[in-house]
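Colleague: Sequence:
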Amino acid sequence: MSSGWGRSAAAQVAPYCASKWAVEGLAKAVAKELPAGISCVALNPGVINTEMLQSCFGSSADLYPTPDIWAPRAANLILI
Numbered sequence: 004m005s006s007g008w009g010r011s012a013a014a015q016v017a018p019y020c021a022s023k024w025a026v027e028g029l030a031k032a033v034a035k036e037l038p039a040g041i042s043c044v045a046l047n048p049g050v051i052n053t054e055m056l057q058s059c060f061g062s063s064a065d066l067y068p069t070p071d072i073w074a075p076r077a078a079n080l081i082l083i
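My numbering puts the first residue of the sequence shown at 4, with every later residue one more than the last.
Simulated from the structure, these hints should not be mistaken for lab results.
Don't take each hint at face value.
With beta-carbon atoms standing in for the labels, derived distance ranges [said to hold, decoys possible]:
id : residue 1 : residue 2 : range
1  : Pro38     : Ser58     : 19 to 25 Å
2  : Thr69     : Ala17     : 21 to 27 Å
3  : Glu54     : Ala77     : 16 to 22 Å
4  : Gly40     : Asp65     : 24 to 30 Å
5  : Ala25     : Glu54     : 17 to 23 Å
6  : Pro68     : Ser42     : 37 to 43 Å
7  : Ser62     : Gly40     : 18 to 24 Å
8  : Ile72     : Ala12     : 34 to 40 Å
9  : Ala14     : Leu66     : 41 to 47 Å
10 : Ser63     : Glu36     : 25 to 31 Å
All C-beta atoms, glycine included, are put in the ideal place defined by N, C-alpha and C.
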């Protein structure tokens, strides 16, 4: 899983940004090593209601889906 922060950066979230940049880079590197017809991409689910989001957004985080709601969607994408 990656994030929009894997392609941008902001103050106060440097460790998170760095980890997502790493995920993006790893996916791109692995994709180049795979045989034709097989791909590797980093999934970017959008805004998800996590503890991190709650600490930033407070109760407004409740407007976004939780990981347990998004996980089945991710599973379907992984199996394509």
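Colleague: For every hint, state whether the structure bears it out.
Modeller: Going down the list of hints, with the structure as the test:
The supplied range of 19 to 25 Å is broken by proline 38 and serine 58, whose beta-carbon atoms lie about 42 Å from each other. The beta-carbon spacing between threonine 69 and alanine 17, approximately 25 Å, falls within the hinted interval of 21 to 27 Å. Distance hint for glutamate 54 and alanine 77: a CB-CB separation of about 18 Å, consistent with the stated range 16 to 22 Å. A hinted range of 24 to 30 Å for the beta carbons of glycine 40 and aspartate 65 is inconsistent with their spacing of about 42 Å.
A hinted range of 17 to 23 Å for the beta carbons of alanine 25 and glutamate 54 is consistent with their spacing of about 21 Å. Proline 68 and serine 42 have their C-beta atoms about 25 Å apart, which leaves the hinted 37 to 43 Å range violated. Separation of serine 62 from glycine 40 is about 46 Å and departs from the stated range, judged on CB atoms against 18 to 24 Å. Evaluation of the 34 to 40 Å hint for isoleucine 72 and alanine 12 yields a failure: the beta carbon distance comes to about 28 Å.
Alanine 14 and leucine 66 have their C-beta atoms about 24 Å apart, which leaves the hinted 41 to 47 Å range violated. One distance hint, 25 to 31 Å for the beta-carbon pair serine 63 and glutamate 36, is violated here, with the actual separation near 41 Å.
Consistency note: the structure conflicts with the earlier hints numbered 1, 4, 6, 7, 8, 9 and 10.
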